[in-house]
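**Q** For the protein sequence lines, the chains are A and B, in the order given.
Its first residue numbered 10, the first sequence is counted upward by one per residue in my numbering.
Its first residue numbered 2, the second sequence is counted upward by one per residue in my numbering.
Bear in mind the hints are in silico, worked out from the structure with no lab data behind them.
Where a beta carbon is used, it is the ideal one built from N, C-alpha and C, also for glycine.
You may find that some hints are simply not true.
[Claimed, not checked] Facing chain B, a subset of chain A residues (Cβ under 7 Å, in silico):
no.	residue
1	Ile152
2	Ala156
3	Val220
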Amino acid sequence: MTIASPVIVDDFVEIRRSPWQRAWLFCRRQPLGTFGMVIVVIMALAGLCAEEIAPYSPTANDFAAMTEPPSWAHWLGTDQFGRDQLSRIIYGARTALIVGFSCAMIASVAGLVLGVGSAYFGGRLDLYLQGVLDVVMAFPLIILALAVVAIFGTGVHNVITAITIPLIPRCARVLRSSALSIREVPYVDAARACGFGHSRIILRHMVPNVVAPFLILLTAFVGQAILAEASLSYLGLGVQEPVPAWGLMLQGGAEEYASTAPWIAVFPGLAIALTVFGFSLFGDALRDALDPKLRDR
Amino acid sequence: MYRYIIKRILLVIPTLLGAAALVFLLMRLIPGDICVVRLGSGGGTFDERAVAACHAQLGLDRPMLLQFVDFVWGFVRGDFGISMWSGKPVLTEIAARFPVSLEIAIMAVVVANVIAIPLGTLSALKQNSPIDFVIRVFSIAGLATPSFWLGILLILAILNISHAAFGAPWMPPIDYVPIWKDPLRNLSMVIFPALTVGYRTSAVTMRMTRSAMLEVLREDYIRTARAKGLVEHLIINRHALKNALLPVVTLIGIEAAFLIGGLVVTEQVFNLNGIGRLFVQSVQNQDYTMTQALVMLVVTAFVLTNTVVDLIYAWLDPRIRYQ
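Starting from the given sequences, assemble the full structure and let the hints guide the process.
**A** What follows is the structure, encoded as structure tokens:
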């Protein structure tokens, strides 16, 4: 008989690691994910400390400095109204992250409640709920978002509503399938046999087991929401002036000044792409780290 | 198989009915009176009788249930009503703009698969190598890059290159000419939006191809093929790729969503009069009859695409239909 297999010993060592050690291990194992995380942190800091970092007001027009190319005074140049591009991008990070995190958080939490609840109670509730979610999922994200904007109008709050609604069923569907497998495990039966209430079983035994897919979806949704917000704002149906938003910066002069002032088109788009890229890399790494089957892919 | 086909097709009906109910309800949630918006959009004055006449014309004076039945029946017959903005039949407006969107969508799918399948396969074959790293970054960048920005950059590149080459900037044409009338003009108009939408769509397929190939390459029959000395390209093409592409078929449904989303913004960038631009204009102009017709058409196309994909997948993989 063998005393203990090396795998068990290795697992034991992993469990004993401190959060910092785990973070360090994540960074070493997932260099791309770490790079994504760095981008996300930089953007988040830019959004949080916009007042301190931005060299100019994002809404201040300077008609003496219209469409100026990048210089020491304006690192990323100015737009057609003489507004500093760098300042608008820094403030735009705040708008993007507010919309991104709000949509992702609301959609994920609502999806968690619907998905886990639907899986736990099953029966007719599950059947009807899945039917409704199927119908909402039949709408491509941007189409449903546009339809919601058509009703509620534009602006930050309405954009958050418009993007959140299509994300909810996508989250509920994934979390339901994760929760369904957990519902069948013996400890949930044991909890039921002990006479625990539904809320205790759901919150203490089922929800902690779907945290991994929940976190993966959350990061994916932030990126998707930022992209959707930028698209809506670019179409003139999202965030409205004078709020600085990346999509909105591309709406006005980007095409008109494409040949004479290309920096108006390049930098805001780069900010969107980099941020979503960061979230995608981080989300992928998180998925790989949390799912042992994917570690070697 | 027949039972599965019938079951799957029957499932389309409640989904479409549910979607119709949702669209119907969404359009009735619009604050204010649609007729007041419609009559007031011209800036002229109007009285109660005009509003009542408008209600009667749109059928808004009837009970909700009857309105819904009318809406569904109209949709079944292809009668979407009159556009509140242009005053022309909705179907005529849509029919005029449909060819350009369809052509871009088809070309985008071709572009996406031409990019995605070879690169996804190469990425899997060179797993964890610098090539794999570059391809993975390229595919994630495709998901992260907004279509409209890519379109603007493409326009920027066209302007600069044409200016450098011919001394004057050139822009792709914006008025649609069918491919059989003037293939060169048609292609020069369609290719750039198709590249823009196609790159983003390819990102999803590329990742799926890589993942499926990695799975297949670990299968026993691949090891057996190698053990019996089969040439590597035959193992890849005949054994691995054929099986790996099976799950990629399911992506066509997801691709459809990306295509529709991509078209909505890309047509705006390239100033093309397609369905996507019509949709944005109808929302901007508060043209509710047009908006609801377009939403329903897009949802129907999306649901039908997914049904066809499911049927193809069941035909290709017998395990699905016997479940």
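**Q** Each hint should be assessed against the structure and marked as holding or not.
**A** How the hints compare with the structure:
1. Ile152: 5 Å, holds
2. Ala156: Given a least distance of 5 Å, the restraint on Ala156(A) holds.
3. Val220: 23 Å, violated
Hint compliance for this structure: hint 3 is the single one not met.
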